[in-house]
Structure formats: structure tokens, C-alpha cells
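Asker: The chain contents come next:
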Amino acid sequence: MNDTPPGAGPVLDVRGVVKAFGSNVVLRGVDLSVEEHRVVALIGGSGSGKSTMLRCASLLETVDDGQVLLDGEDVTDPRVDADRVRRRMGVVFQAYNLFPHLSVLENVTLAPTVVHGRSAAEAREEAHALLARIGLAEKATEYPDRLSGGQQQRVAIARALAVRPRLLLLDEITSALDPELVGEVLRVVREVAAGGMTIVMATHEMGFAKQVADTVCFLDGGVVLEHGPPAQVLGDPVQPRTRQFLARVIDAGRL
Amino acid sequence: MALASTLAFFVVAYLVVTSAPGWPRVQATFFSLDVARRSFPQILTGLWLNLQVLVVGGLLVLALGLLLAVLRTLRGPAFAPLRLLVTVYVDLFRGVPLIIVLYLVGFGFPALGLQGAPTSPFVLGTTAIVLTYSAYVAEVFRAGIESVHPSQRAAARSLGLTHRQSMRIVVLPQALRTVTPALLNDFVALQKDVGLISVLSVVDAVRAAQIVVGQTFNFTPYVVAGLLFVLLAVPSARIADAVSARARRRQQSGSLL
Ligand SMILES: Nc1ncnc2c1ncn2[C@@H]1O[C@H](COP(=O)(O)OP(=O)(O)OP(=O)(O)O)[C@@H](O)[C@H]1O
Ligand SMILES: [Mg+2]
Numbered sequence: 001m002n003d004t005p006p007g008a009g010p011v012l013d014v015r016g017v018v019k020a021f022g023s024n025v026v027l028r029g030v031d032l033s034v035e036e037h038r039v040v041a042l043i044g045g046s047g048s049g050k051s052t053m054l055r056c057a058s059l060l061e062t063v064d065d066g067q068v069l070l071d072g073e074d075v076t077d078p079r080v081d082a083d084r085v086r087r088r089m090g091v092v093f094q095a096y097n098l099f100p101h102l103s104v105l106e107n108v109t110l111a112p113t114v115v116h117g118r119s120a121a122e123a124r125e126e127a128h129a130l131l132a133r134i135g136l137a138e139k140a141t142e143y144p145d146r147l148s149g150g151q152q153q154r155v156a157i158a159r160a161l162a163v164r165p166r167l168l169l170l171d172e173i174t175s176a177l178d179p180e181l182v183g184e185v186l187r188v189v190r191e192v193a194a195g196g197m198t199i200v201m202a203t204h205e206m207g208f209a210k211q212v213a214d215t216v217c218f219l220d221g222g223v224v225l226e227h228g229p230p231a232q233v234l235g236d237p238v239q240p241r242t243r244q245f246l247a248r249v250i251d252a253g254r255l
Numbered sequence: 001m002a003l004a005s006t007l008a009f010f011v012v013a014y015l016v017v018t019s020a021p022g023w024p025r026v027q028a029t030f031f032s033l034d035v036a037r038r039s040f041p042q043i044l045t046g047l048w049l050n051l052q053v054l055v056v057g058g059l060l061v062l063a064l065g066l067l068l069a070v071l072r073t074l075r076g077p078a079f080a081p082l083r084l085l086v087t088v089y090v091d092l093f094r095g096v097p098l099i100i101v102l103y104l105v106g107f108g109f110p111a112l113g114l115q116g117a118p119t120s121p122f123v124l125g126t127t128a129i130v131l132t133y134s135a136y137v138a139e140v141f142r143a144g145i146e147s148v149h150p151s152q153r154a155a156a157r158s159l160g161l162t163h164r165q166s167m168r169i170v171v172l173p174q175a176l177r178t179v180t181p182a183l184l185n186d187f188v189a190l191q192k193d194v195g196l197i198s199v200l201s202v203v204d205a206v207r208a209a210q211i212v213v214g215q216t217f218n219f220t221p222y223v224v225a226g227l228l229f230v231l232l233a234v235p236s237a238r239i240a241d242a243v244s245a246r247a248r249r250r251q252q253s254g255s256l257l
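The listed protein sequences correspond, in order, to chains D and B.
Counting in the numbering used here, the first sequence runs from 1 upward without gaps.
Counting in the numbering used here, the second sequence runs from 1 upward without gaps.
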């Protein structure tokens, strides 16, 4: 998808990224470009490489070929300090991955103080504001294992937002949740998106992708096979593979 | 009921032992109150030395063990020689009996005649103990580090923490919590193994007892020293039990959620 409009460049620009694990070539040249304030949804079958794509973008994996540009800077260049790049992104994982030995508040203030050098008072104040926004103001002193899955995932979102990221990467953040807890997490994401955050999210929630995403990308065979506005990709896909995938999703009752 | 059966057991054991034909002689050579009273002060003074080895050695073991474990987790080809070195060290000192390490360090090292090298049996004995125990403790720490799920590290790195910061703030605190029971068990073992420094003819509790045995041809001092070591070990053993039990409870309640 090299149809980037002129003017200010995209926040994230993935160019021909190739990634293999041993002989298993998962990404065979993925292109993806995300403009500021946009929400891009990555869809695709299980094992199609959505998580791998996000891990490459967040430099948790090194790419075998191609480039990832963050605000125009090639962050896959080996000379780039990956730790500095990761500071500019927030990542939320499927399994929350909160730090169990730290309180909710400490989870949220850790990176702002340790990585970004903000004062403890400032970080705490901001964390309390974030927790209030996600409806967990009264849970600040609790430990993660005392929270429900939905609450934990909302804290994970707050933790990612606390670093004031340029880009938020969400990897199937509702698929580990009981169905009745999905709504509260999606509500937070919708709010964050409405606030102008640039987001790339891998998701199985087609309905949610339809409502929130500006662009939907269908990942298949290691490439972005089809992309476009949700109404088009989800409602009237061009590619037969996309149609097959969506038919399976509808059968499973997820659209 | 438990108390009664325990009591009954000891009464029976006592009767069986004291009615044995050799008992009077054993009582005289192993359980002489008089010899016990005379040897007690020397043995207690010796035990003070064991305690010093225990504290100094224990702290050094923790530091060196942790360092070795962390070195072993370093990834990348640049650290391959270092990792290999640590692996060889751990295999070596876990394999060689402590008493042999004590002999080699305690007698072999001073024999080299190096300028300015320590000759004090206290220092050499502590060194030998630290060499052996840090190999064990390094493995305990390593198991703890590996028990922390990789996703924890991924989360830490995704926040921009460096490898060091992830280790220090996220991985090690969780690892420490899991390995505390195992560490306490090693500490209990260390408490009695500090008695082995007596082979370097430093006058610790065991050596002090040995001296009195040599003078009196009575083995009671060994019993006294043994009892003192047991007294030393009991509190730590109970603490180790309590900590393990608490860790187990945590884990069970955690898995229910
Ligand atoms: N660290 C790894 N080592 C080896 N293989 C891996 C690794 N991570 C992912 N893979 C493989 O890469 C492929 C893509 O996995 P990935 O997790 O990116 O898929 P996904 O689209 O996120 O799937 P899902 O919808 O199930 O989350 C799979 O075949 C997987 O086995
Ligand atoms: Mg995935």
C-alpha cells in the first residue's frame, strides 16, 4: 500500500518486511502505512502473521528484510538504538503481561519514571488521571492478580498510554477475555482512538474493526492481500481469499 | 494423640538403647556431662568463627551466584565465551566435593607462594566454600530467572526499558520470589558445611571439639558441637518451611483466579 498522500509522512511505514522463523517464512514482503490519527485493523487467519507483524513494528523481533519507518526514520537500521525507538510506541498484548509484583499504579508509572525520567509525582498524577479515564481509579493500589481480565487489560492500555506514545500497537487484546468483558476494553480503545491516537490493531473482532478502523488490512500468505475502508474490505472484498476468510468468520459468529 | 504417640516412641527408643549391653560404655564416652561442661566454652568460641564464615560466605555466595546466573542469561555471540566459562565453572564446582575444594584452596593455594596472597585459613576456607556454594546458588537463580515468562521481558522491553532495567526491575524481583525457598534450603546446608573448614586446622567448633577429644579420649565434645550446629540450623529450617508453605499457598490461590 504505497498510496501515501503527500504532505506530512506516515507515522508508521512498513516496507517489504520479510520475517522467517527457521524455514517458516511468515512475512513475505508486507507493506503497510499508517497516517497520524488513523486506526488500522489487521485481520487474517490464525498463524497468518499478525502478531509477528506487530512484533516487527515494535522491534521485539528483528526483520530479515525490508524496513520499518517510524516518523520517517528507518528503525530497522542496525545502528539505531532499539530501546530509544521502543519508547515512542505503546504495545498491548493479548495476555495483558502486567507485572505481577508491582501494583497497578507502579505498573503504569514504571516506564514514565525509569525510561522517560519524569518525576515520581508527575508520573503518579498522570497515572491517576489515566486510571480514572479507564474507570479504575480506585484500583491504583491493587495488585494485578486481584483484577478481572478486563480490568487487567484496561490497566495494560493505561500502562502503554502512560509513555505518551506516538503509536499504539494492540495485539488481539480481547481474545483472552470472557465475552462479557470484551465490551469494557473495546470502549476504552474506542475512546483512545477518538482522542486522536494512531493505532494499529490485530483483531478478530470484525464488528469492532468496522466501527473504529479507518483501514482494514487482510494479511494472508505473508502479504497484505487486500486493504481499504472497512465497509469495502469487510463488506465487499475483491479477493476470493478475503471472501473465504470472512465467510469462515461469519460461520463462527464473529461478525 | 500425635503428642502421645511421639512421646511413646521416644520412651520405647530410650528403653531399647539404654538396655543395650554396650550402653554404659557409650554413655561414658559420648554423653559424659563432665566432659561436655569442660569443652563447652572452647566449642562455643569455635562456633563464633563458624558463624563469621557463615555470614561473610553467605553474602558472597549470594552476590557471586546472582552474578553468574545473570551472566549466563546474556544472549548474543559476543557473550558466548563468557557463557561457556560460567557453564564450566558451575559444572566444575558442583561436581567436586567441598572437602576437596577446601584442601586444594586451603593447602594448594598458599603452596604456590604468590606474593601478597592470603594465607589465613579463615579467608581460604571461606573462599573454598564460596566457590562451591556459588555454583549451586547460580543454578538456583538461573532456574528462577527462566521461570519468569518471556512475555514479561517482552512487555518490559516494549516499554523502552533496556535489558539491564528489564532484568533488575521486572525479571529478578519475580525470580527471587520463586527461588527464596530453595535459597533458604541451601543456607541450611551451608550452616553445617561451614564446620568443614576445620580441616584447614583453624579452630572452629569442630576443631575445638577435636582438640578436647584428643586430650580426654572422650567423644562427648563431638556430640556437643553437633547439638550446637543443630540449634543453629533449626530456626532457618523452620523459616525455610514457612516460606515454602507461603509460596505454595500463593501459587495455589493464583492458579484459582
Ligand atoms: N518466536 C517464534 N518462533 C518460531 N515461530 C514463530 C514464533 N512466533 C511466531 N511463529 C510462527 O509464525 C507464524 C505466525 O504467527 P503469529 O503469531 O504472527 O500469527 P497470528 O496471525 O498472530 O496468529 P493468531 O491469530 O493465532 O494470533 C506461526 O506459524 C507461528 O508458529
Ligand atoms: Mg497473534
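Fair warning: there could be bad hints in the mix.
What the hints assert, rightly or not - Residues of chain B clear of chain D, computed beta-carbon distances all greater than 10 Å:
(1) F10
(2) Q52
(3) V70
(4) T127
(5) E139
(6) A155
(7) A156
(8) L159
(9) L161
(10) I169
(11) V170
(12) A189
Stated by the list, open to error - Short, incomplete list of chain D residues facing chain B, as computed with Cβ under 8 Å:
(13) G16
(14) D83
(15) F93
(16) V114
(17) V115
(18) R118
I should point out that these hints are in silico values taken from the structure, not numbers from a laboratory.
Virtual Cβ for every residue (Gly too), placed ideally from N, Cα, C.
Asker: Run every hint past the structure and note whether it holds.
Answerer: Here is what the structure says about each hint:
With a cut of 10 Å on Cβ distances, F10 of chain B stays outside the contact zone with chain D, its closest approach being about 45 Å. With a closest Cβ-Cβ approach of about 34 Å to chain D, Q52 of chain B is found to remain outside the 10 Å limit, as its non-interface label requires. For V70 of chain B, the condition that its CB be more than 10 Å from all CB atoms of chain D holds, with the nearest at approximately 18 Å. The beta carbon of T127 of chain B sits about 34 Å from the closest Cβ of chain D, which is more than 10 Å, so the claim that it is off the interface holds.
Every beta carbon of chain D lies more than 10 Å from that of E139 of chain B, the smallest distance being close to 22 Å; the non-interface claim holds. Against chain D, the non-interface label of A155 of chain B is violated: not every CB pair exceeds 10 Å, the least being about 4 Å. Listed as a non-interface residue, A156 of chain B fails to keep its Cβ farther than 10 Å from every Cβ of chain D; the least gap is roughly 8 Å. A Cβ of chain D approaches the Cβ of L159 of chain B within 10 Å, the least distance being about 4 Å, so the stated non-interface status is violated.
Its beta-carbon lying about 6 Å from the closest one in chain D, L161 of chain B breaks the requirement of being farther than 10 Å from that chain. The Cβ of I169 of chain B sits about 7 Å from the closest Cβ of chain D, inside the 10 Å cut-off, so the non-interface label is violated. With a minimum CB-CB distance of about 6 Å to chain D, V170 of chain B fails to clear the 10 Å threshold, and the non-interface call is violated. Listed as outside the interface, A189 of chain B is consistent with that label: its C-beta sits roughly 28 Å from the nearest C-beta of chain D, beyond the 10 Å cut-off.
Interface restraint check: G16 of chain D against chain B, minimum CB-CB distance 24 Å, threshold 8 Å, status violated. About 5 Å separates the beta-carbon of D83 of chain D from the nearest beta-carbon of chain B, less than 8 Å, and the hint is met. The criterion of a C-beta within 8 Å of any C-beta in chain B is met by F93 of chain D, whose closest approach is roughly 7 Å, and the hint holds. At about 6 Å, the closest approach between the beta carbon of V114 of chain D and any beta carbon in chain B falls short of 8 Å, and the interface hint on this residue holds.
Taking 8 Å as the C-beta contact cut-off toward chain B, the hint placing V115 of chain D at the interface holds, the least distance being around 4 Å. At about 13 Å, the closest approach between the beta carbon of R118 of chain D and any beta carbon in chain B exceeds 8 Å, and the interface hint on this residue is violated.
Checked against the numbered hints above, the structure breaks hints 6, 7, 8, 9, 10, 11, 13 and 18 and satisfies the rest.
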